[in-house]
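Each protein sequence line maps, in turn, to chains W and R. The opening residue of the first sequence carries number 1 in UniProt numbering; numbering runs sequentially from there. The opening residue of the second sequence carries number 1 in UniProt numbering; numbering runs sequentially from there.
Quick caveat, the hints were computed from the structure, so don't treat them as lab data. Virtual Cβ for every residue (Gly too), placed ideally from N, Cα, C. It is possible that part of the hints are untrue.
Partner residues are not named here, just some residues of chain R that face chain W (Cβ under 8 Å, in silico) [as the list claims (entries may be wrong)]:
1) S71
2) D108
3) L341
4) S516
5) L524
6) A618
7) K621
8) G622
9) G624
10) S625
11) A627
12) I637
13) R638
14) E642
15) I649
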Amino acid sequence: MDRTETDFEPTIVAMVCNWCTYTAADLAGTARMIQSPNVRLIRMMCTGMVDPKYVIKALLSGADAVLISGCHPGDCHYINGNYKARRRVKLLQEILPRFGIEQERLKLTWIGASDGNEFAATINELTKRIKELGPSAAKSTMVI
Amino acid sequence: MANRIGVYVCHCGTNIAGKVDVETVATYASGLKNVAVARDYKFMCSDPGQETIIRDIRKLGLTRVVVASCSPRLHEKTFQNACLRAGLNPFLFQMTCIREHCSWVIEDRDEATKKAEHLVAAAVNRVNHHQELYSRKEKVHPDVMVVGAGIAGIQAALDISKAGFNVHLVERGPSIGGHMAQFDKTFPTLDCAACISTPKMVAVSQERRINLLTYSEVEKVTGFVGNYTVTVKRKPRYVNENLCTGCGLCMEKCPKKVPSEFDEGIGKRKAIYRNSPQSVPNKPVIDVENCTFFRKGKCRVCEKNCPSGAIDFTQQETELVLDVGSIILATGFDTLDPTPLITYGFGRYPEVYTGLQFERINNAVGPTGGKIVMKNGKAPDSVAIVHCVGSRDVNHHPYCSRVCCMYALKYDHLIKDKIGHHVKVYNFYIDMRCFGKGYEEFYRRVQEEGVTFVRGRPAEITDQAKTPQEEGKLVVVCEDTLLGRTLRVPVDMVVLCTAMEPRKDTAQVARVFGVSQGTDKFFLEEHPKLGPVSTATDGIFLAGACQGPKDIPDAVSHAAGAACQALAMAARGEVTISPTTSWINPDICVGCRICVGLCPYSAIEFDERRHIAVVNEAMCKGCGSCAGYCPSGAAQIRHFTEKAVFAEIEGLLDPLHRIIPAAVVDDLWSSKMKQEA
């Protein structure tokens with residue numbers, strides 16, 4: 001990719017829970033809340049099924065950041081899947097620097113089904129933050 | 001043999017085509033690996049749209065289908081059924097959302113088109129790894145549980161029992177009836193609330209198909225749609241319901257008086273009490289916290305005076321386990337406590353009442369016997385009614401509580417009717433919202449009765465008099481926004497139309513039943529327009545004000561809708577259970593047992609003989625906790641397998657790495673295919 005720092009448009013992969021954040025994304029869409037186009041959603045049934053491998057795979061395949069988002073704590077459709085996600089993300093953030101990836105490139109948030117505006121805000125904010133951070137080094141250094 | 005994928009890009013009128021260049025997306029898709037056909041069409045969900053898919057599956061021998069249109073939460077089933085009609089397994093279908101997540105939220109046409117292309121590429125990549133799955137059918141237990149016996153719960157229970165199915169009606173309080181039982185009249189017809197609700201309450205108690213469980217709470221819910229097991233905690237009444245005749249002698253003799261919750265604290269009740277003489281069941285309960293016997297060990301006055309020997313201090317809490325097919329939540333609402341709105345002086349000035357307190361003052365069996373009087377026993381000469389207390393207020397509840405305008409008008413009429421035309425009634429409102437059948441007409445009628453309407457939210461209610469006329473009165477300080485002038489209105493009594501809000505323990509109840517709460521903390525429906533009764537949890541429905549503020553007709557119709565949904569399941573007798581459950585590959589599993597501990601549904605057992613973990617598919621709900629962790633990769637969620645997700649990620653990110661234009665790659669690819677052929 002021949003992108004320069006100035007016109008850097010990050011690619012962000014979001015793995016979101018079907019019951020909360022995916023619904024919030026739909027709501028943000030229905031309400032026409034303009035969002036930066038850099039985020040691509042992958043629908044999961046629960047953040048608890050997000051295997052750390054998926055995150056690493058995405059980051060090594062060219063994503064500049066990964067967003068994992070699920071139901072608010074205590075509100076999981078599957079009782080406690082989001083707590084499991086929280087634990088995994090925490091551990092994963094410890095490991096990422098060893099791949100040459102900044103911890104900030106993996107973000108975990110809770111966005112409930114009715115939080116359409118929060119979804120749009122999160123997307124815009126994250127895109128802005130990753131733009132500041134610049135392209136992921138993993139893309140150029142790692143060969144998959 | 002390679003898959004033959006059909007890709008269909010929907011215009012959705014101009015909803016998608018207005019921002020996304022759908023033709024470009026379809027052309028791009030036609031160049032992707034394994035894509036046999038890619039089309040764009042005005043409305044894919046329409047009959048001709050679905051027919052196109054069916055025809056292509058049959059004629060072109062498609063083995064996979066991708067539709068790029070709206071959210072799969074809206075139309076995934078529609079297209080899965082189209083595949084099914086053409087003889088293709090519905091799980092060989094993938095939908096990607098280029099409307100809600102693309103055309104509606106991206107301003108730039110090129111960016112939106114690019115994102116749509118990436119999403120289509122991901123879907124095409126993923127669908128290659130889909131496997132045929134078969135839903136299983138489960139029997140539905142015919143019984144239904146209704147939680148909460150206010151007017152909504154009562155309506156739902158009666159409707160279900162009328163259809164010939166059994167209902168367990170669980171109510172937390174000692175009597176059924178809910179808030180409606182506290183009212184005197186209902187708007188706009190001025191029906192006597194008791195006259196229309198009491199017969200329904202009695203019908204509930206007499207209907208043999210309704211198992212009425214008052215003074216009970218649901219403690220635990222397990223199982224899945226059609227087969228829920230509910231544990232109900234039955235609190236001890238300390239009164240033997242079979243022996244008690246409801247004569248009321250115990251309550252008469254009980255020496256302990258406390259403020260009555262049913263009378264909103266303005267009336268008194270005894271430590272052994274029932275809500276009102278219309279209570280159903282008409283049997284009292286002993287309130288342990290206030291009963292002298294339970295607190296000090298002696299008294300037993302009620303026991304001595306009971307002619308039928310029904311008092312039983314030895315009763316214990318019991319647990320009841322019930323099997324039901326579906327559950328209707330009708331847990332109702334609370335009203336906002338206006339004490340924190342200190343400028344209104346509730347709790348400080350004795351003549352400031354909440355709406356519900358005023359209902360009790362009006363009620364014939366209330367503390368004043370239905371007479372509108374102040375604490376000194378005299379009728380007020382002037383009354384201020386303050387609208388939107390805690391509603392439409394960003395500091396409390398931003399939403400409109402829907403009922404306050406109308407019950408305020410009802411109070412206006414009742415005051416004029418009961419005390420006399422000379423009474424001055426002032427309404428302080430922001431907007432009058434009289435949206436229902438006969439509501440606007442009622443507004444007009446009340447205006448004609450000589451009620452004063454002041455547009456503006458009061459700033460303060462004070463007893464600090466500035467003129468002799470204000471002496472000994474409450475003064476409502478307000479800006480009349482129509483006149484643009486500050487007013488000081490001296491009145492004898494103030495009624496605060498307090499907001500309807502979710503029950504205090506909604507979060508805990510939501511957790512027990514596995515339903516979500518919306519931004520305003522009411523229970524969240526499945527879809528605001530098309531699924532206002534169902535929740536994201538199959539087989540759990542909502543009725544009445546637990547979903548949002550409602551007046552009586554709305555709550556009743558909502559409840560009838562919920563009853564209908566529950567009946568549809570019970571009458572059909574079976575439900576389709578999604579096959580997207582977990583599967584542990586016995587050849588890979590090393591028997592570490594991590595998944596066993598992670599499973600929130602205890603659906604994974606350990607097979608000691610083979611030393612592997614085994615999934616009980618009847619209990620698995622497909623959350624993927626096991627698959628997300630399994631160190632060996634043995635645990636996989638069907639339809640969300642590692643291969644499928646990896647393919648989806650690659651599909652999303654692959655286009656980034658394309659150095660040569662896609663068309664060239666596709667040409668190379670097709671020539672290669674030709675050579676191979």
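### Query
Can S71 of chain R be said to touch chain W, with a Cβ gap under 8 Å?
Because about 5 Å separates S71 of chain R from the closest Cβ in chain W, which is inside the 8 Å limit, the hint holds.
When the least beta-carbon distance from G622 of chain R to chain W is tested against 8 Å, hint result:
holds, 6 Å
Against chain W, is A627 of chain R within 8 Å by beta-carbon distance? holds, 6 Å
Would you check whether D108 of chain R satisfies its interface hint, that is, whether its CB is within less than 8 Å of any CB in chain W? Where the cut-off is 8 Å and the nearest Cβ of chain W is about 7 Å from D108 of chain R, the hint holds.
| message | Take the shortest C-beta to C-beta distance between L524 of chain R and chain W; is it under 8 Å? | response | L524 of chain R check passes; min Cβ-Cβ to chain W is 6 Å, inside 8 Å.
message: Let's test the interface hint: is any C-beta of chain W closer than 8 Å to that of S516 of chain R?
response: For S516 of chain R, the interface hint holds, since the closest Cβ of chain W sits about 6 Å away, which is under 8 Å.
Checking hints one by one. Is K621 of chain R an interface residue toward chain W, by the C-beta closer than 8 Å rule? holds, 6 Å
- Can we keep the G624 of chain R interface hint, with Cβ of chain W closer than 8 Å? holds, 2 Å
Would the stated hint for I637 of chain R survive a check requiring a Cβ distance to chain W of less than 8 Å?
holds, 6 Å
field: Restraint satisfaction for I649 of chain R [CB to CB of chain W, less than 8 Å]
entry: Because about 5 Å separates I649 of chain R from the closest Cβ in chain W, which is inside the 8 Å limit, the hint holds.
Report task. Using Cβ atoms only, decide whether L341 of chain R comes closer than 8 Å to chain W, and label the hint accordingly. Result -> Result: violated, 26 Å to nearest chain W Cβ.
Is the interface hint for S625 of chain R satisfied, with its Cβ closer than 8 Å to some Cβ of chain W? With a minimum Cβ separation of about 4 Å from chain W (threshold 8 Å), the hint on S625 of chain R holds.
Consistency note: the structure conflicts with the earlier hints numbered 3, 6, 13.
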